Amino acid sequence: MKYFGKKLVSLIITLFMVSVATFIAFQIIPGDVVTSILGTEATEEREAQLREELGLDKPVVERYVNWMGGVLKGDLGTSYRYSKSMNEMMPVAELIGDKLPVTLWLAAIALVLIIVISIPLGVLWAHSSSKFLDAFLGVMTQGAMAVPSFFLGVLVIYIFGIVMKMFTPGSYISYHTSFAGFLGYLIFPAIAIAIPKIAMTARFLRNAMLGELKQDYVRTAYSKGCSKNRVMYGHVLKNAMMPVITFVGMIIAEVVAGSIVVEQVFSLPGIGRLLISSISTRDFPVVEILVLYIAFVVIFVYFIVDMLYRVLDPRISGR
Amino acid sequence: MKRKHHLKLNKYLVAGGIMTAVMVILAIVGTFWTPYSTTTMSAAEKFAAPSLHHIMGTDNFGRDIFSRVMKGLGTTMMVGTLVVVAAGAVGILVGALTGFFGGWIDEVMMRINDAINGFPSILLSLVVISVLGMGRQNVILALSIVFIPSFVRIVRSEYIRLRDMEFVNSARIMGVSKMRILFVHILPNILSVFSISMMIGFNNAILAESGMSYLGIGVQPPDASLGKMLSDAQGYMFTAPWYALSAGVTIVVLVLGISLLGEGIRRCSND
Amino acid sequence: MKNKKRMLSLALGFTMLATAVLSGCSGGTNQSSEDNSSKEPTYGGSVVVGVQQDIDSLDPHKATAAGTKEILFNIFEGLVKPDENGNLINAVASDYTLSDDGLVYTFTIRDGIKFHNGNAVTVNDVKYSLERASGLLDGTALIGALKTLKSVEIVDDKTVKVTTSKASAELIYSLTVAIIPDGSGEQEASQPIGTGPFKFVSYTPQQNIVLEKNADYWQNGLPYLDEVTFKIVTSSDTALLELQGGSIDVYPYLTDSQKAEIQGTFNVKSATSDVVQALFLNNAEAPFDNEKVRQAVNYALDKDSINGFVSGGNGEIISSAMLPTLKNYYVDLNSTYGNTANVEKAKQLLSEAGYPNGFDMTITVPSSYEFHMETAEVVVEQLKAVGINAKIDGIEWSSWLSDVYSGRKYQSTICGLTCDMTPSYLLNRFVSNASKNFINFNSAKFDEIYAKTLTTTNQTDIDGYYKELQKILCDEAGSAFIQACPLTIAINKKLDGYKFYPVYVQDMSTVYFTK
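Protein chains in written order, with the numbering used here: chain A, 30 to 348; chain B, 465 to 735; chain C, 10 to 524.
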């Protein structure tokens, strides 16, 4: 329990630091939301009016305290930039609530692909004594990790979309309209996300398993007459999964936090794209909440990984 | 016999070494000499297909792509190298201190580390670039900051693993100063792990720079990096496929070469 | 070319909002692809139009971005509205008269015209809309040009009298302001309701804005389409992929290089847009405080080659701040500095100005606008030839607006200025104390003549003054004007009826599927 308490306090401190850092970042970077909204047609009157409407005429610290007060009361504020109707701005909660499922489902599909493909691949690789397979997988996985993510996205669109016509690039279907169509479109960006991660995870698992195979207990197991399969799946894989869990955890944190580049390439209205456009239009309320969400996801996933370690490996809790 | 075994070249080492050497040579030559000017434009030669004159063809301004790839390679390798050197140096310093001493300094530094890690790297890059302006050195600075947490983590966990080892304890008993233990006794023991993470970091920095170029916050024209060229090229995939191909293949060869080299070194030392 | 920078504008660039700046429109169509206008129109069908920017407001009086106005044009109408020839036609009003002193406009409301909610448009709605936009309602004018309105009076249930404090031939162009239902601007959760050819259905941030046919539209036979979706694309690169994939039917901002990629599968048409592109020089910043240096920069530019590289030769070279499409006011000054580079003359002027070996300069460019970024690359090469060592500094659109445009903290910048149908729009910003004079142009002669345009009532005199203003701006080299940018549009081959406008709008009412 003490452990949880400590973790919770450190989570809160980190989130607070992140929110202050974001606020400061917005004070530092040039450009503000008012000139951004009014563009080249700005007049002093309209600027002053808008500044007042958005509460930007108040002192910096007061603005932060007001914002923080709202968030603590569960009011995430309203976007400076996106309209809900002629005279209301979109509440941040509603805006993000609409985009979050896109990112989460994208992450989920990508994760399933990663786990379902990389684990058997890694095991097969470690298991195999074929020099050819070893070299082939070695080069393929290295190659997959060497392509910049945006270009991988472009390649997926060209190959599956334009040449093979398996999907229509840009024809994203909202999950409100058709959930099946929504998932059908998400598969392709998920592939673009998954390819390098599959390569990384498979390599990582293979190396972990080969490391385990050199351990004394493996020799002992063999000498006791255990079959190769029994040793591989009963002992080696289980132990080798430990570091792999950490690794997959890092990947989860990364994809759940929003795949900015892939969302951009595939025109997906997820939170990564929302983050980019909100930064560029200086939509502070939206950026703050997104940054907090991302920080929370990253820290929370690391925490879960830590917990899994404790559960799977009792030695650690003793430390 | 043992020594010979150590020096035995494996296929990974050879392939990676050759690829990396070619890239390094191209980049070095490119800083001093290129077959054509990298900036002179020619309307007549716009989108010329690869030929004996222009082995990789020309781009939308009629500039020789091969010359630009040579120059871009230099920029890209410089970004990768400086980022891992800068982030690695900070990583060693902070990781060593926090891992070895622990206590409140560890607590504080790790929270800061978490905060940087949890902060979207794109926003971080953007802050650096908005404040200091775009351009090569600021891209390097932004990426260095983004890469620090992972180096700190690796170094810290190595120091935690080593700090209670026999050789450290005996050095302590012999009255060796703490700084000396940290950087003379322990440091050499983490170098093999660290050098592999430097190589991974180098590749990640190159890929991250491509992403930044795609998002428009990378190096500024007329400077070129491979990532910038690739992202420019993707608009002409049908008109000038050689453009994307030249930039794309060069990135892949560069990254692959370094990875294979790392893999080769790892296998070599494991055997 | 591409518009990466999604970041932020581009995304980034993403796509930015406001842009009066890279927008386009057009007159003088030079179609570069086969015309299928002989094919018969059919009714029905739905079309997806790719747009580069998310909308900045659903309120037609508050929207400032050109990218928003181009969409809202289909939903809202003013008392009068522009047509594709740059003339005004009656819309909500069926007729109007102007008093002899030019101060009183009397509008008659069109018989039977209805809002999208089915209610008839009344004089109260007109009064409310004009008062709201001009600031008579609450003191803040939402549309600056309407500040001169003194009163809006209801004469009878068909007639409204609008009185202005200053006679101006240009005021009528601002009376294109949207007519909306009385009180709707302040009512809670009100959805956009206008009288235009399409009704508002939904808006999803970052995704799309969906419109459906207004069956009661007052123009008989229009619109043809049942549904129009304006889809927000993340960048021109993704737009290209989506065109190729078939998820976009119309994309109005094709770059010259993209043309080649899709020419076979789409109809591609180009026209000159309403964007004036220039290398703007900060006249208050050394060395551009020296007229000779500014002239030298003008001589150094090879505008023909810029046009070739970035516009595929479809741009129209200009030498001052006026669109060639505004034929009554435009004067061709291209002989002043020539369309190609005059390196010797440029070097000579630089020596006279005390820079025989050239100097270093920075060109700040909004990086989300790939078009301007590419122009900057070409300009840097051209300036090299006269010894000027220029460096490109790409910045985000938001930073550009605050640092360059409002803050005037820059040395030079390449960007585009959009204009409306009035000549003063492009020229009034160069008056020395104008708030929009971001280049700090300071010419007593210019100020004096501009003042005359405001007091003169004789239209021929005014036309002459405008020409003189352009000449002063060109001779004193306020900046290095480059071109009126081209607008290139890709249209699904099954569609026809698309009209280019001299202002920045996408009129979907006349677009139809061919049989």
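Don't read these hints as lab results, they were simulated from the structure.
Owing to the predicted nature of the structure, the values given are computational and were not obtained by experimental measurement.
Mixed in with the good hints, there may be bad ones.
Pairs of lysine-lysine residues, derived as DSBU-like cross-links and limited to a Cα-Cα distance of at most 35 Å, are as follows [unchecked claim]: (1) 510(B) - 175(C); (2) 194(A) - 418(C); (3) 356(C) - 90(C); (4) 167(C) - 113(A); (5) 503(C) - 123(C); (6) 194(A) - 503(C); (7) 502(C) - 476(C); (8) 267(A) - 510(B); (9) 167(C) - 510(B); (10) 524(C) - 194(A); (11) 113(A) - 445(C); (12) 175(C) - 524(C); (13) 476(C) - 301(C); (14) 156(C) - 356(C); (15) 510(B) - 170(C); (16) 510(B) - 393(C); (17) 167(C) - 87(A); (18) 159(C) - 87(A); (19) 336(C) - 170(C); (20) 393(C) - 524(C); (21) 642(B) - 35(A); (22) 167(C) - 156(C); (23) 156(C) - 508(C); (24) 253(A) - 267(A); (25) 510(B) - 503(C).
Covered stretches of chain C (in silico footprint by chain A; criterion: 3 or more residues with CB under 8 Å from a CB of chain A, positions within the stretch not fixed) [to be verified]: (26) 125 to 133; (27) 212 to 220; (28) 355 to 369.
Each residue gets a CB set at the ideal place from its N, CA and C atoms; glycine is no exception.
Note to self: Holds or violated: residue 356(C) and residue 90(C), Cα atoms, limit 35 Å.
What the structure shows: It is violated: about 49 Å lies between the C-alpha atoms, which goes past 35 Å.
Item checked: Pairwise hint evaluation, residue 503(C) against residue 194(A), where the allowed Cα distance is 35 Å at most -> Holds, at about 20 Å.
Notebook entry, point to check: For the region 212 to 220 of chain C, does the count of residues with a C-beta closer than 8 Å to a C-beta of chain A reach 3?
Noted result: Holds, because 5 residues of the region 212 to 220 of chain C bring their Cβ atoms closer than 8 Å to Cβ atoms of chain A.
Notebook entry, point to check: Does the alpha-carbon distance linking residue 503(C) and residue 123(C) stay inside the 35 Å limit?
Noted result: Distance of about 32 Å is within 35 Å: holds.
Note to self: For a C-alpha distance cap of 35 Å, please report whether residue 336(C) and residue 170(C) respect it.
What the structure shows: holds (32 Å)
Notebook entry, point to check: Is residue 267(A) within 35 Å of residue 510(B), Cα to Cα?
Noted result: Distance of about 58 Å is beyond 35 Å: violated.
Notebook entry, point to check: Has the given pair, residue 175(C) with residue 524(C), been kept, meaning a C-alpha gap of at most 35 Å?
Noted result: Roughly 52 Å separates the two Cα atoms, so the pair is violated.
Check: Does residue 524(C) lie within 35 Å of residue 393(C) when you go C-alpha to C-alpha?
Finding: violated (55 Å)
Next item on the list: Starting from residue 524(C), check that the Cα of residue 194(A) is at most 35 Å away, please.
Entry: holds (26 Å)
Item checked: Cβ contact check, 8 Å cutoff: the region 355 to 369 of chain C against chain A, three residues minimum -> violated (count 0)
Notebook entry, point to check: Given the proposed pairing of residue 156(C) with residue 356(C), does the C-alpha separation stay at or below 35 Å?
Noted result: At roughly 47 Å apart (the allowed maximum being 35 Å), residue 356(C) and residue 156(C) break the hint.
Item checked: Satisfaction of hint between residue 170(C) and residue 510(B), Cα-Cα up to 35 Å -> Violated - the C-alpha atoms of residue 170(C) and residue 510(B) are around 60 Å apart, more than 35 Å.
Hint compliance for this structure: hints 1, 2, 3, 7, 8, 9, 12, 14, 15, 17, 20, 26 and 28 are not met, and every other hint is.
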